[in-house]
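Asker: Single-letter residue listing:
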Amino acid sequence: MPSRLFFLFEQSKHPLILTSTIPRPQEWVFEEDEQIVICSSKKEGTITAIEMMHAEVQLANGEGTISVPLHDLCKVFVAGDSVSIRSGALNGRTGLVVSVNDDIAYIVDNSLEGGIPYIHSGDSIQVFIIRY
Amino acid sequence: MQLLEVHVNLLRIVIAPYLPTPHPMSSTGCISKVSQTWTPWLGITVMIVKAGPHKGYKAVVKNVLPGQTTSSNPRLEIQFQHLNSSSPFKIITVDYDDVVEST
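Chains S and R, in that order, are what the protein sequence lines are.
Numbered according to our numbering, the first sequence terminates at residue 132, and the numbering increases by one at each position without gaps.
Numbered according to our numbering, the second sequence terminates at residue 103, and the numbering increases by one at each position without gaps.
If you are wondering where the hints come from, they were derived from the structure by calculation, not from laboratory data.
None of the values given here were measured: they were computed from a predicted structure.
There could be a bad hint or two in this list.
Said to hold, decoys possible - Far from chain R by the CB rule (all over 12 Å, computed), these chain S residues:
hint : residue
1    : PRO15
2    : SER40
3    : LYS42
4    : LYS43
5    : THR48
6    : MET52
7    : ASN61
8    : ILE66
9    : LYS75
10   : VAL100
As the list claims (entries may be wrong) - Short, incomplete list of chain S residues facing chain R, as computed with Cβ under 8 Å:
hint : residue
11   : ILE22
12   : TRP28
13   : GLU32
14   : ASP72
15   : CYS74
16   : VAL78
17   : GLY88
18   : THR94
19   : GLY95
20   : TYR106
We put the beta carbon where it would ideally sit given N, CA and C, even for glycine.
With the hints as extra help, turn the sequences into a complete structure.
Answerer: Shown next as structure tokens:
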């Protein structure tokens, strides 16, 4: 389902929805060997296999492998990661992660002509945030 | 500056592009930009000339690693362009002297 619908279902907090295995948003992309955190338990791990609705996750600290619904996974990024956007309205854009707040990453776009601007420490800059 | 706010599950890690140190600010105080022309080797097709299993294969320069201890100093990360089902579009690191620009 589109992520717009997914988040509407999620925000409803209906018990039936919370206990059911709803499909992941169709825009989300997962690959093997990616670092993830399980949203419900906050445990970190690595994706070892991906199925239609679930992923096999090798938990960190040797806690074994478990099956987790795809909608319960969040990828792990840190400031400085070079990333590309793989789907959605900004598909194809690339940039550097400057911060991560929960499941939202803030990225300096370097796919525009000219790349990332060179900024002196004394410069005053204006930042435009584009939300998708 | 444009800051994109994106859900983390729409992202994928990519190899950081090589960006040399940009020029200092101009006297006018304008913010200079890192130009694509400052990365002259990126995207160049090269041929491996060093004797070995990869000799003769063509590849594209994906990254430049300056300040290496090898005699040629910089090393290059190059991505093969030929079809190889076992390791498609493999990226390897070679010495600068191991490749020549391919025409």
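Asker: Return the status of the interface hint for S/ILE22: holds when the least beta-carbon distance to chain R is below 8 Å, violated otherwise.
Answerer: Given a least distance of 14 Å, the restraint on S/ILE22 is violated.
Asker: Grab the minimum beta-carbon distance between S/LYS42 and chain R and tell me whether it stays above 12 Å.
Answerer: 14 Å, holds
Asker: Hey, is S/LYS43 genuinely clear of chain R, shortest beta carbon separation above 12 Å?
Answerer: It holds; S/LYS43 is separated from chain R by about 16 Å at its closest Cβ, greater than 12 Å.
Asker: May I ask you to check that S/ASN61 keeps its beta-carbon over 12 Å from the closest beta-carbon of chain R?
Answerer: Label holds. Min Cβ-Cβ 22 Å, cutoff 12 Å.
Asker: Going by Cβ atoms, does S/SER40 stay more than 12 Å from chain R at every point?
Answerer: 15 Å, holds
Asker: Test the statement that S/VAL100 is away from the interface with chain R: the closest C-beta pair must be farther apart than 12 Å.
Answerer: 7 Å, violated
Asker: Was the hint right that S/CYS74 lines chain R, CB cutoff 8 Å?
Answerer: 6 Å, holds
Asker: Is the hint on S/TYR106 kept, meaning its closest Cβ partner in chain R is under 8 Å away?
Answerer: At about 5 Å, which falls below the 8 Å cut-off, the nearest Cβ of chain R leaves the hint on S/TYR106 intact, so it holds.
Asker: Taking the closest Cβ pair, is S/GLY88 under 8 Å from chain R?
Answerer: 5 Å, holds
Asker: Would you check whether the claim that S/ILE66 is not at the interface survives, using Cβ distances to chain R and the 12 Å cut-off?
Answerer: Non-interface label on S/ILE66 holds, nearest chain R Cβ at 19 Å vs cutoff 12 Å.
Asker: Per the CB criterion, is S/GLU32 less than 8 Å away from chain R?
Answerer: It is violated, given that the least Cβ distance between S/GLU32 and chain R is near 12 Å, above 8 Å.
Asker: Taking 8 Å as the limit, does the beta-carbon of S/GLY95 come near enough to a beta-carbon in chain R?
Answerer: Cβ of S/GLY95 sits 6 Å from chain R, so the hint holds.
In this structure, the hints that do not hold are numbers 9, 10, 11, 13, 14 and 16, in rising order.
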